[in-house]
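Participant: Sequence:
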Amino acid sequence: ALAPTLAPIETPPKDADFAVNGVTVSVVPSVTGRQVDLAAVASRIARGRHRVRGRIIAVNPAHDTAWAEGLHITKLVSSYTTNHPCCQPRVTTIHTGATALNGAIVEPGQTFSLNQRLGPRTLAKGYVLAPQIGADLGYEDSVGGGVSQLSTTLFNAAYEAGLPITARTNHALYIDHYPLGRDATVNYPDLDLRFVNDSDSWILVRTFAGAGSLTVNLYGTALGRRVETSGEPLRVSGPVPVKAVEDPTLTAGKRVTEEVGAPPRTTSVHRLVYDADGKLLYDDTWRSNYVEIGRAHV
Numbered sequence: 024a025l026a027p028t029l030a031p032i033e034t035p036p037k038d039a040d041f042a043v044n045g046v047t048v049s050v051v052p053s054v055t056g057r058q059v060d061l062a063a064v065a066s067r068i069a070r071g072r073h074r075v076r077g078r079i080i081a082v083n084p085a086h087d088t089a090w091a092e093g094l095h096i097t098k099l100v101s102s103y104t105t106n107h108p109c110c111q112p113r114v115t116t117i118h119t120g121a122t123a124l125n126g127a128i129v130e131p132g133q134t135f136s137l138n139q140r141l142g143p144r145t146l147a148k149g150y151v152l153a154p155q156i157g158a159d160l161g162y163e164d165s166v167g168g169g170v171s172q173l174s175t176t177l178f179n180a181a182y183e184a185g186l187p188i189t190a191r192t193n194h195a196l197y198i199d200h201y202p203l204g205r206d207a208t209v210n211y212p213d214l215d216l217r218f219v220n221d222s223d224s225w226i227l228v229r230t231f232a233g234a235g236s237l238t239v240n241l242y243g244t245a246l247g248r249r250v251e252t253s254g255e256p257l258r259v260s261g262p263v264p265v266k267a268v269e270d271p272t273l274t275a276g277k278r279v280t281e282e283v284g285a286p287p288r289t290t291s292v293h294r295l296v297y298d299a300d301g302k303l304l305y306d307d308t309w310r311s312n313y314v315e316i317g318r319a320h321v
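Taking the working numbering, the leading residue of the sequence shown gets 24, the next gets one more, and so forth.
Everything labelled a hint here was simulated from the structure, so no lab data went into it.
Just so it is clear, CB atoms sit at the ideal spot from N, CA and C, and this is done for glycine as well.
Some hints here could point you the wrong way.
Taking lysine-lysine and the DSBU-like style, the derived pairs with C-alpha atoms no more than 35 Å apart in a straight line are [unchecked claim]:
1) 98 - 37
2) 98 - 277
3) 37 - 148
4) 148 - 98
Using C-beta positions, here's what the derived DEER-type ranges look like [what the hints assert, rightly or not]:
5) 62 - 164: 33 to 43 Å
6) 307 - 34: 19 to 29 Å
7) 108 - 52: 52 to 62 Å
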């Protein structure tokens with residue numbers, strides 16, 4: 024009942040934040056809040072007082088300026104951008120996921136999990152129905168369809184930063200607008216993207232979603248790492264798999280191709296990560312296998 028009366032004199036605390044300006048980061052100071060000491064007021068009223076004075080007390084933020092400065096987040100570590108057509112339902116999902124990812128902070132030694140950060144993709148969270156690769160390798164509408172573009176963008180930002188990547192799964196189908204062999208699908212809760220902050224400083228994740236693109240930036244202390252990449256071309260690894268669908272309207276023995284699939288294809292990406300002194304830190308290979316099934320009525 025007192026809330027409307029106290030609103031003009033009470034202010035909530037504000038946590039410290041980070042302001043990005045190009046490749047540098049600065050700390051936005053925290054703000055101490057103020058509120059009436061209602062516990063003391065209630066105690067005096069309980070003792071029979073009808074007129075009491077309320078004392079204003081300070082309310083400290085959960086994360087103050089000193090905390091933020093101690094994270095040593097000062098510079099851009101890596102950046103990656105992927106593109107997408109404007110205004111499709113999947114873009115809503117991409118932007119919803121990007122908003123949830125934005126501001127994530129990964130402490131030294133911590134393994135970051137995209138599924139843990141985003142949680143289940145639901146309508147209540149703002150995700151929408153959009154095309155997603157289904158169990159039969161066809162596209163079907165699913166809540167959260169499109170979030171794998173966010174995963175792919177984050178994977179490549181961590182890749183370019185030279186960070187250890189401990190969980191990554193390629194899409195079942197080859198998608199030609201992603202860098203070859205460097206796509207990363209996710210599905211809650213079984214398919215995840217995870218990377219480790221093996222640096223001495225904390226890492227801040229920031230996302231920038233536009234009408235036709237998504238950028239994921241990682242900020243921290245400049246690692247001075249050098250990343251070298253090589254890869255195999257996409258090559259056919261077998262015949263086109265075919266799913267036969269029984270069709271009683273067809274004459275016995277007749278076969279009609281409903282959808283022509285692509286043969287299974289494979290590729291790999293090799294990454295070498297060196298520290299500032301030229302010492303080899305990581306030697307990683309990610310192999311990707313893509314399958315697209317053709318369908319025939321028999």
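Participant: The structure should be examined with respect to each hint, and the outcome stated for every one.
Facilitator: Hint check:
Restraint check for residue 98 and residue 37: satisfied, since their Cα atoms lie roughly 23 Å apart, inside the 35 Å limit. Between residue 98 and residue 277, the direct Cα distance comes to roughly 65 Å. Violation of the 35 Å bound is thereby established for this hinted pair. Of the pairs offered as hints, the one joining residue 37 and residue 148 holds, with about 24 Å between alpha carbons and a cut-off of 35 Å not exceeded. The straight-line distance between the Cα atoms of residue 148 and residue 98 is roughly 31 Å, inside the 35 Å bound, and the hint therefore holds.
Taking 33 to 43 Å as the suggested C-beta distance range, the pair residue 62 and residue 164 does not conform, at roughly 52 Å. For residue 307 and residue 34, the Cβ-Cβ distance of about 49 Å falls outside the hinted range of 19 to 29 Å, so the restraint is violated. A hinted range of 52 to 62 Å for the beta carbons of residue 108 and residue 52 is inconsistent with their spacing of about 41 Å.
Comparing the model with each numbered hint stated earlier shows that hints 2, 5, 6 and 7 do not hold.
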